[in-house]
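Student: Starting from the known structure of chain H, arrange chain B on it as the hints suggest.
Protein chains in written order, with this note's numbering: chain H, 58 to 492; chain B, 279 to 573.
In short, the hints are calculated from the structure, not lab data. Any given hint could turn out to be false.
What the hints assert, rightly or not - Short derived list, chain B residues pointing at chain H, Cβ under 10 Å:
#	residue
1	Val291
2	Asn296
3	Gln420
4	Pro561
As the list claims (entries may be wrong) - DMTMM-like, lysine to aspartate or glutamate: derived pairs with alpha carbons at most 25 Å apart:
#	chain 1	residue 1	chain 2	residue 2
5	H	Lys186	H	Asp207
6	H	Lys156	B	Glu389
7	H	Lys156	H	Asp410
8	H	Lys138	B	Glu389
9	H	Lys423	H	Asp369
10	H	Lys187	H	Glu209
Idealized CB from N, CA, C, for every residue including glycine.
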Amino acid sequence: MHKVTSALLVLVMGLTAVLATGCPRRQEAVGPPPIKIGIAGPMAFLQGEHHWYGALMAQEEINAAGGVQVGDTKRLIELVKIDTNEILSPEDAATAVEKAITVDKVDFLMGGFRTEGVFPMTEVAMDHKKIFMICGSATNELLEGRVDKDYERYKYLFRVTPIRSTDLAKVCFEMLGYVGVIMRQALGLEKPKVAILAERLLWNEAMIAAAQQLIPTRLGMELVGVWRPSATATDVTAELTAIKAAGAHIIFTINSGPVGITYARQWGELEIPAVSIGINVEAQKLGFWDATQGYGNYDTTLNTYGKVRITDLTLPFYDQFVERFGECPAYTAGTYEALHILAAAIERAATLDADAVVAELEKTDKHSATGRIVFDNLHDVTWGPGYVTGIMTQWQDGELVVVWPYPGWQGLHYEGVVSYKIPPRVVQYWLGQSK
Amino acid sequence: MRGETRLLARILVAGLMNVGVYALLAVGFSLIFGAARIINLCHTGFYMIGAYSMFLLVVSRGWPVLWAIFATLVVVAVLGIAVYKLIIDPLREHEATVLIVTLATAVLIQEVLLILFGGHFRGMPSLIPGYTTVLGVRVTYQYLLTLGVVAVASLGLWAMLQRTRLGIAIRATAQDREVANLMGMDVTRVATVTMAIGVALAGVAGIMVAPIYVLEPHMWQPPLVTILAVVVLGGLGSIKGSFVGAVILAFAEVLVVFLVPQGAFLKAALALGLMLAILLIRPEGLFGVAFEGER
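The following block holds chain H by itself, in its conformation from the complex:
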């Protein structure tokens, strides 16, 4: 009996070995190997999920059309999920990317979210001369000072989403000026008062400095103070109480962390009589409404994707994404555009050789869901009318609507843009005060 068991065990192990070694050979016999794309992001979090979803949609579209034409052969796209864990531990990101390159043998990389994680992971990619398309991190210095100063090492880096930090700031200040005009008209204010509420993180330092300079000068408003809670603060009632006491009409937010939910919820529940605009990454998600229990109504934030016709591709992409994944696409879903851009560059280069693909990527002029994507000399996505502008979205009674660029800004007319709304409580409070 013992001999029979041993023989069976040997048989099973032998069969397993044959199957394990036989499968790849069989796959090779069917067709050329797929092009492996590593999707790097914090996969347990929404940002990473959207990296994956965007890439998945693009992969399915490309493969359904037969794959990528590389010279004489059509090759399918295979996605490799790389959990960088960069939200919790940015130092894990480099290890994850190293493993993807050396063990999983990915050909190209895209993704990244937290600047502190993107720097080391892109260094690893550059060590291996792998093209890395950033889709999720705005810091200027990821490209500036790298691609321009040491082109040979960093030419493999490109950014698709979002627009760089300084351009994000331009959009926010445009919106702030626009809301300032509306507030002056609606409330009869001469000089609206602005409070800045910005989480304590490195990425928004330059933006705060610029806001402190521009708000009193170019925008003609009074800055009443800057409050810097932690990005993970669970309570900002003290900050909001102080902001209300300072008499602010506008709260200019610059937040990417969970404090954005805490803030919006308490801002609404305490009925703070000030409009809220700026950057609140959490307010870009459909889950924001439930997470704030609706108290985030009228919060306004910079965004990348929205229910608006930036180009003829925007709404089909947006609707399909929402229908399939139950969420509106975050800016990390820019992997969708990135994968299409990369596939087109590979086809033009007719090879997977990184240097040849870089040369073709530099010639990119892509009509996309976010606008016309053209890379500048830093390999950064070009911002401005006629290119990618970014949008501002506002929560209006449970709907995430687009309120900027307002019709006529720089000659632009995005179909679907609606009017910005001041929360009724703000109007009532200030008109009541003036009586």
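Tutor: For chain B alone, coordinates are given in the frame of chain H:
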């Protein structure tokens, strides 16, 4: 009101709002340390379980709030007993090991919640929606409820410790575990019950914050630092000290926000600095010796 008076009133009200959660957490932590001599770094892990349990039962499953509160308290207390029996008790003679395993347990809870709920930020409706104005400051009813619960829980705990046989046993065990054992008390049982009560208090804190804070699987970390500061400041094991420590740190944080708005993120650092300053003057904490004397 004059400007200075108005500012003082705002600081007073905002400070009181912060006291509630810190006090609930710190009192439970102190109780466990006092009676069982366990520094339970997993304490805020139970607070997080309490908050997630409320979210799961009320928002996802649609349970009535009172049933959800009851179920949450039972779940947290049972988990607390399980952790004590399975993880802490076998190692309790090795204090450093207990510190590490309780921290590891907290990380384990974090990872399990990350798997179950993902890294998404969650919220649930206030148990009592809306706000009122106190001395010119808007205060949500949820915060007032939290303060009320702290008051009731503190009085209940005090009455239990002073007026019941269990309370006497807990205090006796806290004074001298070996003598209590020689006097015929089942000190292991007392420690188990104390653990259940302590983590249930953490669960109550979780229930109270679930409608106020953002729920995410790392929400146990920031309050752990704060309550460690609170209990050390008040005197390890002193329940009265924990309450006073909570008041001091809560007001220190609010003062930073009001007086140094650009440094609002420093409020935790300043609170810890204050703790260090007091410990330099009184190494046993504010009520360390006084509590020993009371005991």
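Student: Does each hint fit the structure? Answer for all of them.
Tutor: Quick rundown of the hints versus the structure:
For Val291(B), the shortest C-beta to C-beta distance to chain H is roughly 8 Å, which falls under 10 Å, so the interface hint holds. The restraint placing Asn296(B) at the interface with chain H holds, with a minimum CB-CB distance near 7 Å, inside the 10 Å limit. Restraint check, Gln420(B) versus chain H: the minimum CB separation of about 8 Å is within 10 Å; hint holds. With a least beta-carbon distance of about 29 Å to chain H, the hint placing Pro561(B) at the interface is violated under the 10 Å criterion.
Proximity of Lys186(H) to Asp207(H) is assessed by CA-CA distance (about 13 Å); at most 25 Å being required, the pair is judged to hold. Taking the CA atoms of Lys156(H) and Glu389(B), the gap is near 22 Å; set against the 25 Å cutoff, the hint holds. Simply put, Lys156(H) and Asp410(H) have alpha-carbon atoms about 20 Å apart, close enough for the 25 Å limit, and the pair holds. Proximity of Lys138(H) to Glu389(B) is assessed by CA-CA distance (about 19 Å); at most 25 Å being required, the pair is judged to hold.
At roughly 13 Å between alpha-carbon atoms, Lys423(H) and Asp369(H) fall within 25 Å of each other, so this suggested pair holds. The hinted pair formed by Lys187(H) and Glu209(H) meets the criterion: a straight-line CA distance of about 12 Å does not exceed 25 Å.
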